[in-house]
Amino acid sequence: MDLPQLWPLLPTSTRSWLVDHNGEALPDDIVADILGVTGNQTSPQWWAGTSTDGGTQLTDEAVDWIESVANDEGLL
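If you're matching positions, the sequence shown starts at 1 in our numbering and goes up one per residue.
Hints listed in this document are in silico derivations from the structure and should not be mistaken for laboratory results.
None of these values were measured; they are calculated from a predicted model.
A few of these clues could be false.
Now the in silico label distances, taken between C-beta atoms and shown as ranges [stated by the list, open to error]:
{"no.": "1", "residue 1": "4", "residue 2": "40", "range": "18 to 28 Å"}
{"no.": "2", "residue 1": "61", "residue 2": "31", "range": "13 to 23 Å"}
{"no.": "3", "residue 1": "20", "residue 2": "53", "range": "15 to 25 Å"}
{"no.": "4", "residue 1": "16", "residue 2": "64", "range": "15 to 25 Å"}
{"no.": "5", "residue 1": "52", "residue 2": "72", "range": "12 to 22 Å"}
{"no.": "6", "residue 1": "64", "residue 2": "31", "range": "14 to 24 Å"}
{"no.": "7", "residue 1": "9", "residue 2": "59", "range": "26 to 36 Å"}
{"no.": "8", "residue 1": "61", "residue 2": "35", "range": "11 to 21 Å"}
{"no.": "9", "residue 1": "5", "residue 2": "70", "range": "11 to 21 Å"}
For every residue, glycine included, the Cβ atom is placed at its ideal position computed from N, Cα and C.
From just these sequences and the hints, can you work out the full model?
What follows is the structure, given as structure tokens:
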């Protein structure tokens, strides 16, 4: 599932967190929300996996996409 398909299925609180904390490691509850929507499936287009500090990260492409959504650049 691509991030644009996944986005509207996420809880509003999760989408807000992703916008407000874009580029940061994802806390466990945000990871759980994402995986709950995707059926525990990840996509290399948006899921970078675990960073060196142990946090779950999104790809640069996903971070850029979320930034575009936050800036209302019409990507939805």
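Results of checking the hints against the structure:
no.	hint	in the structure
1	4 - 40: 18 to 28 Å	20 Å, holds
2	61 - 31: 13 to 23 Å	18 Å, holds
3	20 - 53: 15 to 25 Å	20 Å, holds
4	16 - 64: 15 to 25 Å	18 Å, holds
5	52 - 72: 12 to 22 Å	33 Å, violated
6	64 - 31: 14 to 24 Å	20 Å, holds
7	9 - 59: 26 to 36 Å	19 Å, violated
8	61 - 35: 11 to 21 Å	19 Å, holds
9	5 - 70: 11 to 21 Å	18 Å, holds
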